[in-house]
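Visitor: Chain by chain, the residues run as shown.
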Amino acid sequence: MYTAPLSGETRLFGEARRGWSARLGVLGVALGSAAMAAWNGHAGVTLLGLAVFADVARPHRLPGWQARSLPFLAAAAFDAPLAAIVTSAGLAAYRGSGAPDNRGIESAKWGVIEVAALVLGSLAARTLVEERAARAAAAYILVASVLLALMTLWSWVRARTDLFETRACVAEFGRYLPLKVAIAAIAGGAATYAEPVVLLLLLPGALLLAGLHDRDETRRSERAAMLQALGGILRYAHPYTLAHMRRVSMIADRVGAELKMGPRHRAKLAEAALLHDIGKVAVDERILEKPSRLTDDEYIAVQRHSEMGAAIVAASLPKDPIVRWIRSHHERMDGTGYPDRLPSARIPVESRVISVIDAYDAMTGSNDDPLGRRYQPRVAPSQARLELRRHAGTQFDPQVVAAFERVLEEGHA
Amino acid sequence: MIWETVALAFGIGTGAAWLLGQRVLWPLGHWRERAVTARSFARAIELRAPQRQGAAEERARLVAMASDRAGLRPSSAARLQLAAILADVGYAAVPFDVLLGDAEGRAETAVVARHPEIGSAMVQLVPGAESVAEVVRLNAIDPAAAQEAAMLAVASAYVQGVRLEGAEVACERLRGGCGTLYDEAAVRSILAVVDVRGRT
Chain A
1 MYTAPLSGET
11 RLFGEARRGW
21 SARLGVLGVA
31 LGSAAMAAWN
41 GHAGVTLLGL
51 AVFADVARPH
61 RLPGWQARSL
71 PFLAAAAFDA
81 PLAAIVTSAG
91 LAAYRGSGAP
101 DNRGIESAKW
111 GVIEVAALVL
121 GSLAARTLVE
131 ERAARAAAAY
141 ILVASVLLAL
151 MTLWSWVRAR
161 TDLFETRACV
171 AEFGRYLPLK
181 VAIAAIAGGA
191 ATYAEPVVLL
201 LLLPGALLLA
211 GLHDRDETRR
221 SERAAMLQAL
231 GGILRYAHPY
241 TLAHMRRVSM
251 IADRVGAELK
261 MGPRHRAKLA
271 EAALLHDIGK
281 VAVDERILEK
291 PSRLTDDEYI
301 AVQRHSEMGA
311 AIVAASLPKD
321 PIVRWIRSHH
331 ERMDGTGYPD
341 RLPSARIPVE
351 SRVISVIDAY
361 DAMTGSNDDP
371 LGRRYQPRVA
381 PSQARLELRR
391 HAGTQFDPQV
401 VAAFERVLEE
411 GHA
Chain B
1 MIWETVALAF
11 GIGTGAAWLL
21 GQRVLWPLGH
31 WRERAVTARS
41 FARAIELRAP
51 QRQGAAEERA
61 RLVAMASDRA
71 GLRPSSAARL
81 QLAAILADVG
91 YAAVPFDVLL
101 GDAEGRAETA
111 VVARHPEIGS
121 AMVQLVPGAE
131 SVAEVVRLNA
141 IDPAAAQEAA
151 MLAVASAYVQ
161 GVRLEGAEVA
171 CERLRGGCGT
181 LYDEAAVRSI
191 LAVVDVRGRT
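One line per chain: the protein sequences are A and B, in this order. Just so you know, we're using this note's numbering here: the first sequence kicks off at 1 and counts up by one. Just so you know, we're using this note's numbering here: the second sequence kicks off at 1 and counts up by one.
Next up, chain A with everything else stripped away, as it sits in the complex (with noise of 0.2 angstroms):
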């Protein structure tokens, strides 16, 4: 689940998180750096000076868009092509350094793919910049490097906005962008030495483009944040439930990967699996913690809870697919389940999954409710695990029960 960075997380070279005074320093030399150099007429060092500031001012997570700072380093690279190299390599360590998270490996490999844009970039526009076709040869290159920054474009709207059964989309984006990245900077780079103005179509796009993907990281995380506080209703009204549905979640996204769900997908999963039982908050205590067996009225007003909850997460999410995940949580394969009694075609995986895992939390039950309200005996887990087996097929995706149990091998449940 990808989290927006949050201010002051920063490392500076391999130290200690400085938070903002780090990075003000580095800030701060980067645009007094590009002042003096732009006083000074020297446009090579300008660009440098923004290019730094471009990369350090905001923090990132997602390797494309360390690209930020590529239009101005491709620029820089034909005025003061060294400059430009040593530059690129240095921000690279720092992202390198600097990543909070395992990405620092990916942060490595773009600094290298910057580094031999630049180098590439610099050696083809010296040789170009010779000819008579200069300027036309330039101009032919801008129009492909305005195409693949489109292309990229299209990608990323189509990968943000699609339905998660769709995973090619999500690819997409990803796929050769590396690439398309080192072409767009190549060919950006080349098109501003030849008109230099083109710089003035470069960076504004670049800073729009990296706003827009700043907000969609803070939308994202919001959200993430948002389902886990609204599980936290239960905190006060059914505080077992809450508990419950936090370990759902957390082998939900493990049974997740050992279907080979992609990471937003999975993501998505343990989302849902977070809030499948939210649809409780609208039941009465009294019966979720009656020791006896419950009457049939009583049973009707619990199997509510799953389209409950459906209501409750499309009150603002109406067309997030975890809505009908929620829903479709107490559904059989057998067709006998409720609340729509869906034919095992039509039964979400994602569902499926929550419904296997549910189930064995339930059976062995947990220590989180203190009172040990229950009117049937805990079951040890290799019974639960049996128990998973024998209905397999009518209640439980027989697959999916396969996937679980090798997490429950692996210890992770």
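No lab work stands behind these hints: they were computed from the structure. Being a predicted model, the structure only gives us computed values, none of them experimental. For each residue, glycine too, the CB sits at the ideal point set by N, CA and C. Misleading hints may appear alongside valid ones.
[Said to hold, decoys possible] Stretch by stretch, here's where chain B covers chain A in the computed footprint (C-beta under 8 angstroms, at least three residues):
{"#": "1", "stretch": "222 to 233"}
{"#": "2", "stretch": "275 to 282"}
[As the list claims (entries may be wrong)] Beta-carbon label-pair distances, calculated as ranges:
{"#": "3", "chain 1": "A", "residue 1": "Pro239", "chain 2": "B", "residue 2": "Gly177", "range": "35 to 43 angstroms"}
{"#": "4", "chain 1": "A", "residue 1": "Gln399", "chain 2": "B", "residue 2": "Glu165", "range": "34 to 42 angstroms"}
{"#": "5", "chain 1": "A", "residue 1": "Arg286", "chain 2": "B", "residue 2": "Ala145", "range": "33 to 41 angstroms"}
{"#": "6", "chain 1": "A", "residue 1": "Gln303", "chain 2": "B", "residue 2": "Ala185", "range": "43 to 51 angstroms"}
{"#": "7", "chain 1": "A", "residue 1": "Lys319", "chain 2": "B", "residue 2": "Ala113", "range": "37 to 45 angstroms"}
{"#": "8", "chain 1": "A", "residue 1": "Pro239", "chain 2": "B", "residue 2": "Arg69", "range": "40 to 48 angstroms"}
{"#": "9", "chain 1": "A", "residue 1": "Pro339", "chain 2": "B", "residue 2": "Gly54", "range": "18 to 26 angstroms"}
{"#": "10", "chain 1": "A", "residue 1": "Gly232", "chain 2": "B", "residue 2": "Ile12", "range": "30 to 38 angstroms"}
{"#": "11", "chain 1": "B", "residue 1": "Ser75", "chain 2": "A", "residue 2": "Arg286", "range": "39 to 47 angstroms"}
{"#": "12", "chain 1": "A", "residue 1": "Lys319", "chain 2": "B", "residue 2": "Glu57", "range": "13 to 21 angstroms"}
{"#": "13", "chain 1": "B", "residue 1": "Arg32", "chain 2": "A", "residue 2": "Arg389", "range": "47 to 55 angstroms"}
{"#": "14", "chain 1": "B", "residue 1": "His30", "chain 2": "A", "residue 2": "Pro263", "range": "23 to 31 angstroms"}
Let chain A serve as the given structure and place chain B on it in line with the hints.
Guide: Chain B only, in chain A's frame:
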């Protein structure tokens, strides 16, 4: 020369778009999105306490119009609207038997009275709504402490009053408490956007 002019215009335009987006449009957009995501919390409470059905939406609509009337800044109005949607979230901590009126002792009444504080604690956990938590708490405890809390308190009283006694009586009660129970400016803003038939 033409291309330079076009490029310059494009550059200035795009740069201005970025600046406008960063400083004005996107923050307001974020507030609106938070109001949408907060609807799930309101829906959860409506399902738990059907007597609160629709109250959050009515309050939100009322404060949106009254904020406009009172000339609140867009960010304050957006925050107030979010607070109006989340004001009842503390009812999640009220036991079902108390919600249904099966238990009406002093202890049960005290639980209900605590719901704004509990709601405030819950709202603290909603991303982007931390500044709203205080409005939720103050609107029931000390509305005079903040303009937004005062507006929300009056809107809540009006919505509750309409449900229990009708619009005419609700308006009369607001006028009667103007300056004492309720903030005068907030009462004027709310009454300006409703009429005695409860229409807004």
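Visitor: Does each hint hold? Answer for all of them.
Guide: Checked hints:
1. Given a C-beta distance limit of less than 8 angstroms, the hint that chain B covers the stretch 222 to 233 of chain A holds, as 9 residues qualify and 3 suffice.
2. Given a C-beta distance limit of less than 8 angstroms, the hint that chain B covers the stretch 275 to 282 of chain A holds, as 4 residues qualify and 3 suffice.
3. Remark: the range hint 35 to 43 angstroms for Pro239/A to Gly177/B is upheld by a beta-carbon distance near 39 angstroms.
4. For the hinted restraint 34 to 42 angstroms between Gln399/A and Glu165/B, the CB-CB distance of approximately 59 angstroms leaves it violated.
5. In this structure, Arg286/A and Ala145/B meet the distance hint of 33 to 41 angstroms, their C-beta atoms being roughly 38 angstroms apart.
6. A C-beta distance of roughly 50 angstroms is found between Gln303/A and Ala185/B, which places it inside the suggested range of 43 to 51 angstroms.
7. Against the hinted window of 37 to 45 angstroms, the Cβ-Cβ separation of Lys319/A and Ala113/B comes to about 39 angstroms, which satisfies the hint.
8. Remark: the range hint 40 to 48 angstroms for Pro239/A to Arg69/B is upheld by a beta-carbon distance near 43 angstroms.
9. Evaluation of the 18 to 26 angstroms hint for Pro339/A and Gly54/B yields a pass: the beta carbon distance comes to about 24 angstroms.
10. The given range of 30 to 38 angstroms is broken by Gly232/A and Ile12/B, whose C-beta atoms sit roughly 46 angstroms from each other.
11. For Ser75/B and Arg286/A, the hinted distance range of 39 to 47 angstroms is satisfied, since their beta carbons lie about 43 angstroms from each other.
12. Distance hint check: the CB atoms of Lys319/A and Glu57/B are about 20 angstroms apart, consistent with the given range 13 to 21 angstroms.
13. Between Arg32/B and Arg389/A, the C-beta spacing of about 49 angstroms keeps the proposed range 47 to 55 angstroms intact.
14. Between His30/B and Pro263/A the CB atoms are about 25 angstroms apart, so this pair conforms to the stated range of 23 to 31 angstroms.
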